[in-house]
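All chains, please: the whole structure from these sequences, using the hints.
One-letter residues, chain by chain:
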Amino acid sequence: MIRRNVRLPLSDSLWISLENIRKRQTRSIIVVMSTALGISYLTYFLVTNLIFSTFLQGKEGAIEAYNFWLIVVSIVICAVSLINSTMIAILERYNEIGTMKCLGAPDNHIMRLLLIESALLGLGGGFIGFTFGAVTGILSCCLELGLIVLRGLPLTGFLGLSGQTMVFSVVLSIISTAYPAIRAAKLNPVEALHYDV
Amino acid sequence: MSEYIVETESLCRRYQIGGETVKALDNVSIEIKRGRYVSIVGPSGSGKTTLFNMIGGLDRPSEGKVFIDKVDVSKLDAYELAWLRCHKVGYIFQTFNLIPVLTALENVCLPMIFAGTQKSERMKKAENLLEVVGLKSRINHRPSELSAGQQQRVAIARALANDPALILADEPTGNLDSNTGLEIINILKRMNREKGVTIIAATHDIKIIDVSDDVVWLSDGKIEKIEERERS
Chain A
1 MIRRNVRLPL
11 SDSLWISLEN
21 IRKRQTRSII
31 VVMSTALGIS
41 YLTYFLVTNL
51 IFSTFLQGKE
61 GAIEAYNFWL
71 IVVSIVICAV
81 SLINSTMIAI
91 LERYNEIGTM
101 KCLGAPDNHI
111 MRLLLIESAL
121 LGLGGGFIGF
131 TFGAVTGILS
141 CCLELGLIVL
151 RGLPLTGFLG
161 LSGQTMVFSV
171 VLSIISTAYP
181 AIRAAKLNPV
191 EALHYDV
Chain B
1 MSEYIVETES
11 LCRRYQIGGE
21 TVKALDNVSI
31 EIKRGRYVSI
41 VGPSGSGKTT
51 LFNMIGGLDR
61 PSEGKVFIDK
71 VDVSKLDAYE
81 LAWLRCHKVG
91 YIFQTFNLIP
101 VLTALENVCL
111 PMIFAGTQKS
121 ERMKKAENLL
131 EVVGLKSRIN
141 HRPSELSAGQ
151 QQRVAIARAL
161 ANDPALILAD
171 EPTGNLDSNT
181 GLEIINILKR
191 MNREKGVTII
201 AATHDIKIID
211 VSDDVVWLSD
221 GKIEKIEERE
231 RS
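These protein sequence lines map, in sequence, to chains A and B. The opening residue of the first sequence carries number 1 in our numbering; numbering runs sequentially from there. The opening residue of the second sequence carries number 1 in our numbering; numbering runs sequentially from there.
It should be emphasised that the hints constitute simulated quantities derived from the structure, not laboratory data. Every residue, glycine too, gets a C-beta built ideally from N, C-alpha and C. Be aware that one or more of the hints could be misleading.
Stated by the list, open to error - Okay, the calculated beta carbon distance ranges per label pair: (1) A:ALA79 with B:THR95: 34 to 44 Å; (2) A:VAL171 with B:GLY45: 40 to 50 Å; (3) A:ILE29 with B:THR21: 40 to 50 Å; (4) A:ALA79 with B:ALA78: 22 to 32 Å; (5) A:LYS23 with B:SER120: 19 to 29 Å; (6) B:THR95 with A:LYS23: 18 to 28 Å; (7) A:ALA178 with B:GLN118: 29 to 39 Å; (8) A:LEU70 with B:THR95: 45 to 55 Å; (9) B:SER219 with A:VAL80: 46 to 56 Å; (10) B:ILE17 with A:ASN108: 28 to 38 Å.
Written out as structure tokens, the structure reads:
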């Protein structure tokens, strides 16, 4: 009599996740902005690195070694701020998660909703972050090397970079959501209902 | 179809609190007949909520068995429990627990989404249920725009969404004033009579006890007495 295949169609999960993002505007903006901040920092260094290595061929070694650590630091900053904001965002919703479990949502539905939401936020943050970081990177290169930079922009390199940073942003936000999301999904509904932040 | 919707066999639930073992439920065996309106009554700390959680498949017993519709809940894994909660049981909480970002209509749709109901069908059904509880004009309002009594009515509609055999209500009138509480009790009673859904309410409220078919008195995790009444 008991059937196991409770399915949640992708369109429904996308809809719920989008509603959640739309209706929790302030929280979503904070998460997107903190992602964008980290990603734009990262993009800035990658873009300046790219431009410098295109224009100053043969001298890029020194710049790369110096930038490598800055990039590592920017990734760490980005990850920490993301983990922090997603953790709090999910803690706030323990009660809601408990209610959904009472209504019959299996663990994987809850996980899926939270992960789709964070992937969407990561995509948004990645896009804004890349745009901002690329623009400031190009501007600062213009100041260093003159307007000649604009004429010889390595566009294919940019395209590759934009793809990489967006994927990175999405992966990073999924990873940072995974831990609190797994914890939330595995909660006993009674515990989740009575969880006070 | 069996006569009993819920059966428990020497149900025990122990909690560890600061190294001490507390018995919240001690050897509770009850049988609840299909289609009845049952109150579980007792002072706070008597194990009402614990029993309620066991019957609803929200928590597992330390010892003993719970059968919902002849299915042994303790033998189910997490997915089967979720299925059971989705299809067999509807929940009503003291604090309503509506999802704040969704409208009344969407809140009622939610259990049907988890049950895999088609979109057009669930919209129609949710509208229908909201009409039944008298909220047709407010289907697109969010919980924050509804009064406490209206929120609880949305919760009743939500509990009925997947045509459960059983509705569990934990202090459904606890956060409502006396008149609004009476409205909620009457809606529950009507659902019980019209749809034949079994209602189990944990309560202090004398008005709920008055309309109940059966009253289970709990104290210190044990059943004190079970009162069966003639159906009016």
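How the hints compare with the structure:
1. A:ALA79 with B:THR95: 34 to 44 Å: holds (36 Å)
2. A:VAL171 with B:GLY45: 40 to 50 Å: holds (48 Å)
3. A:ILE29 with B:THR21: 40 to 50 Å: This hint holds: roughly 48 Å between Cβ atoms.
4. A:ALA79 with B:ALA78: 22 to 32 Å: holds (30 Å)
5. A:LYS23 with B:SER120: 19 to 29 Å: holds (23 Å)
6. B:THR95 with A:LYS23: 18 to 28 Å: holds (20 Å)
7. A:ALA178 with B:GLN118: 29 to 39 Å: With a Cβ separation near 31 Å, A:ALA178 and B:GLN118 satisfy 29 to 39 Å, so the hint holds.
8. A:LEU70 with B:THR95: 45 to 55 Å: Between A:LEU70 and B:THR95, where Cβ atoms are some 49 Å apart, the hint holds.
9. B:SER219 with A:VAL80: 46 to 56 Å: Roughly 52 Å apart at Cβ, these two residues keep to the hinted range, so it holds.
10. B:ILE17 with A:ASN108: 28 to 38 Å: Because 32 Å falls inside the window, the suggested range holds.
Hint violations for this structure: none, all hints satisfied.
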